[in-house]
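**Q** Each chain, letter by letter, is given below.
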Amino acid sequence: MPITIPKSILLAPKIPSIAVVGLLAAQLIVLNFLNSPEPTCTLVVERPHHSTSVKERQNLDSIKLNITSKCTAPQEYTRVTARIQKLQNDREVTVSNFLSRTANSTARVPSEATFRNLFTECKFGDEAAYRGSAEGYVMLKGGKKVKVTGNSGKYEVANCSIGAQ
Amino acid sequence: MSYFEECLRLGEWLSEADRRALYRYLLESNKINYGVQANLLLKDSTLSKKIANGEILYSLINNQVTFAARRIGSEDFTPDIRTIGLTGLRFVDLWRLEKFFAQSEVDVIQNFPLLGENQQSEGGFGVDAYPYYTLAYYADGRNYLKGLIKKLTTNDSEILTKLRAL
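Listed in order, the protein sequences are those of chains A and B.
For the first sequence, my numbering begins at 33 and goes up steadily by one.
For the second sequence, my numbering begins at 171 and goes up steadily by one.
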């Protein structure tokens, strides 16, 4: 007569092995998602400068502000509102308020958008110290919106003066 | 060379005032053409045209007109740049489309100017966030009363006179 040894209920798996594998995979995906860095964007505002290129093309003395938004992920476009401030009698005065602009990224550099036509007329020969600043947002590919802000740092002198607005 | 021809070559070097004046100039000088183009667009739901070194593609879908653009000779169009809603009232829509056409042409001229000595920097398609035919442009999307005052006090007549002179 054969002896049947009863299987211990402790040895019988309560959760099917396929479910265990599934749970492990899910955990891996969640952990991977949580550890992957969120895309970030920075706004690089260059120092406002007397533009020789505008002078050559438009015969206009002007202070120009170049801005680039750079992200760690591809973007659709960036929208910014920029301004130039001037030091006048030790006070900051906004001398140029640019209207909001949007710029698309390019296929060549999909993570960046550049703003190159922000300039305002000035009187050449009069020195003044300027700083540029801007804020806005980047619309990333996929629809995520990232707020950005930036400035050109300390005030720097240019040999051309913008009148107050 | 007329100032208008010069504007077609200036591209990103067009100032804010230049762009605004160019819009008004295109609107007044192309009124008849825009009317014909608007009728074509309403009939065919699509329209393509060229200005400076760019090509504009208008599409009408669900009472919304959008435009995309590309440099002449390039394969890829930009994503849709602007959208305008239509009302279904023909005379209102024609009037709206005329403004939309002028706006889109200014947008394309500043991004795809005629080839010339003005070297353009490499970058994506950039435009004023708000179209010139809205108060939002003058208000920069904020206080519309201030925008109205700014619109009434904005004077681009000097540039307009230059543009009208052939």
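Take these hints with a grain of salt, some might be off.
Stated by the list, open to error - Keeping only pairs whose Cα atoms sit at most 27 Å apart, straight-line, the calculated BS3-like set for lysine-lysine is:
| # | chain 1 | residue 1 | chain 2 | residue 2 |
| --- | --- | --- | --- | --- |
| 1 | A | LYS176 | A | LYS102 |
| 2 | A | LYS155 | B | LYS321 |
| 3 | B | LYS201 | B | LYS220 |
| 4 | B | LYS316 | A | LYS179 |
| 5 | A | LYS155 | B | LYS220 |
| 6 | A | LYS155 | B | LYS320 |
| 7 | B | LYS201 | A | LYS87 |
| 8 | A | LYS176 | A | LYS87 |
| 9 | A | LYS186 | A | LYS155 |
Stated by the list, open to error - Have a look at the derived ranges for each label pair, beta carbon to beta carbon:
| # | chain 1 | residue 1 | chain 2 | residue 2 | range |
| --- | --- | --- | --- | --- | --- |
| 10 | A | PHE156 | B | PHE261 | 47 to 55 Å |
| 11 | A | PHE156 | B | GLU175 | 21 to 29 Å |
| 12 | A | GLY54 | B | LEU212 | 36 to 44 Å |
| 13 | B | THR304 | A | THR138 | 57 to 65 Å |
| 14 | B | SER218 | A | LEU56 | 52 to 60 Å |
| 15 | A | THR72 | B | THR253 | 26 to 34 Å |
| 16 | B | GLY205 | A | GLU88 | 37 to 45 Å |
| 17 | A | LYS176 | B | LYS332 | 41 to 49 Å |
| 18 | B | GLY205 | A | PRO69 | 14 to 22 Å |
Said to hold, decoys possible - Computed list of chain B residues with no C-beta within reach of chain A, every gap over 10 Å:
| # | residue |
| --- | --- |
| 19 | GLY205 |
| 20 | ARG260 |
| 21 | PHE261 |
| 22 | THR323 |
| 23 | SER327 |
I should point out that these hints are in silico values taken from the structure, not numbers from a laboratory.
Quick reminder that beta carbons are idealized off the backbone N, C-alpha and C, glycines included.
**Q** Looking back at the hints listed earlier, which ones does the structure fail to meet?
**A** The structure conflicts with hints 5, 7, 8, 12, 13 and 18, although it agrees with all the remaining ones.
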